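A.B. asks: Sequences listed follow chains A and B, in order.
Residue numbering for the first sequence follows this note's numbering, starting at 1 and increasing by one per position.
Residue numbering for the second sequence follows this note's numbering, starting at 1 and increasing by one per position.
Hint data in this document are derived by calculation from the structure and do not stem from the laboratory.
Predicted model, so just to flag it, every value in this text is computed and none were measured.
From the three backbone atoms N, C-alpha and C, an ideal C-beta is built for every residue, glycine too.
A hint or two may mislead.
Claimed, not checked - Selected chain A positions facing chain B (Cβ under 8 Å, derived; list incomplete):
#, residue
1, VAL135
2, PRO236
3, TYR248
4, ARG269
5, ALA270
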Amino acid sequence: MSHDISQVAKKLTAQSIKGFYNPFTHIQFPETLDKNNWFISPELISIHGTPEWEALTEEQKKKLSFYEEVNFFSLNVHGEKSLLEGLTRRLYESENQNVTDYIHHFIDEENKHMYFFGTFCEKYAGKIYPDRKLVFPREYAPGEEEFLFFIKVFVFEEIVDYYNITTARDERVMPLSRDINANHHEDEVRHLAFGRVVLNDLFKTFSPQWSAETLAGIRDYIRGYYVTTWREYYNPDIYVDAGIEDAYDLASRVFESEKAREHRARASRASLNYLKKCGIIEEIFEL
Amino acid sequence: MKTELEIKETLRQWVLKKSKKVTDAELSFDTHLLETRILSSLHVMELILEVEKIKGSKFNLKAIKPGAFNTIDSIYASFFGSAT
Numbered sequence: 001m002s003h004d005i006s007q008v009a010k011k012l013t014a015q016s017i018k019g020f021y022n023p024f025t026h027i028q029f030p031e032t033l034d035k036n037n038w039f040i041s042p043e044l045i046s047i048h049g050t051p052e053w054e055a056l057t058e059e060q061k062k063k064l065s066f067y068e069e070v071n072f073f074s075l076n077v078h079g080e081k082s083l084l085e086g087l088t089r090r091l092y093e094s095e096n097q098n099v100t101d102y103i104h105h106f107i108d109e110e111n112k113h114m115y116f117f118g119t120f121c122e123k124y125a126g127k128i129y130p131d132r133k134l135v136f137p138r139e140y141a142p143g144e145e146e147f148l149f150f151i152k153v154f155v156f157e158e159i160v161d162y163y164n165i166t167t168a169r170d171e172r173v174m175p176l177s178r179d180i181n182a183n184h185h186e187d188e189v190r191h192l193a194f195g196r197v198v199l200n201d202l203f204k205t206f207s208p209q210w211s212a213e214t215l216a217g218i219r220d221y222i223r224g225y226y227v228t229t230w231r232e233y234y235n236p237d238i239y240v241d242a243g244i245e246d247a248y249d250l251a252s253r254v255f256e257s258e259k260a261r262e263h264r265a266r267a268s269r270a271s272l273n274y275l276k277k278c279g280i281i282e283e284i285f286e287l
Numbered sequence: 001m002k003t004e005l006e007i008k009e010t011l012r013q014w015v016l017k018k019s020k021k022v023t024d025a026e027l028s029f030d031t032h033l034l035e036t037r038i039l040s041s042l043h044v045m046e047l048i049l050e051v052e053k054i055k056g057s058k059f060n061l062k063a064i065k066p067g068a069f070n071t072i073d074s075i076y077a078s079f080f081g082s083a084t
């Protein structure tokens with residue numbers, strides 16, 4: 001589990017330079033989109049398998065898939081905005097030049113992704129769904145704030161990547177959506193690798209100094225952050241736009257359902273296993 | 001439309017369900033939810049959804065004032081009071 005962060009950053013920088021692209025010509029956005037298409041793998045749709053899902057026609061299911069993708073891309077826009085703020089604050093803070101060099105690429109690539117996600121949402125849905133998360137200031141133990149920043153990056157990106165891979169490989173999904181998901185995954189592979197090494201490194205450095213209470217609080221936070229992140233995938237705005245009634249009740253009911261729990265466990269398994277292997281969490285928890 | 005008391009009680013029950021850090025007897029409408037860590041930042045997204053559900057409409061998240069989520073009384077005043 002031990003990696004030299006400097007060498008990892010150097011290697012990732014070389015890969016980023018090799019794969020560098022112009023975001024404004026890399027993906028073509030047609031003027032209009034035929035909404036009678038799958039925009040996300042049907043199995044990833046939040047209400048998939050519920051009686052409400054079964055009651056929809058094929059055309060309604062595809063319309064819902066469009067708004068599910070708009071929600072997924074909106075979550076990415078909000079997540080990456082926070083990530084960019086955090087990464088920018090960390091530029092030139094590390095004594096390690098290779099880490100700073102890689103953060104420049106990380107920022108560059110996240111900015112490109114936001115352009116893809118934001119363009120899709122604005123051009124075809126005329127909006128980005130609002131972010132309902134708020135953060136209140138609080139006191140932190142030494143290293144805790146830094147560690148929690150990278151935990152948030154880790155949880156957000158690991159879940160997103162599961163959706164990217166599934167949709168990018170799904171031949172039922174329309175090409176533009178597959179392209180955006182595939183492109184995101186290709187860059188995220190490097191970000192995930194970097195995030196995992198940083199997280200493990202920070203935990204090894206700071207956790208011996210944390211009190212039992214701080215560590216328990218951090219573990220509670222990790223669980224809570226997973227739950228909150230997942231809850232955003234069950235956004236009532238999607239159902240309102242897709243013309244499905246009782247949007248708020250439906251969102252809560254589906255989120256609490258056994259089928260949805262199984263889906264979240266499946267999509268979170270790899271990341272939770274990694275956290276357990278690093279000793280960051282003690283047990284795999286239910287989501 | 002629910003009465004003020006019904007809305008506050010719905011919110012109180014929501015807090016009891018979501019937080020393991022307070023008992024029914026300890027939680028009143030003026031109990032500080034954030035200072036006492038009964039709720040954290042992580043609860044707020046779901047709390048906003050709950051408020052929207054009770055209210056039956058969305059509200060401008062950018063217009064939320066500091067302190068809006070301090071107590072059940074302040075949540076009521078911020079999102080259901082006569083000024084909103």
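A.B. asks: List, from low to high, the hint numbers that the structure doesn't satisfy.
C.D. replies: 4 and 5
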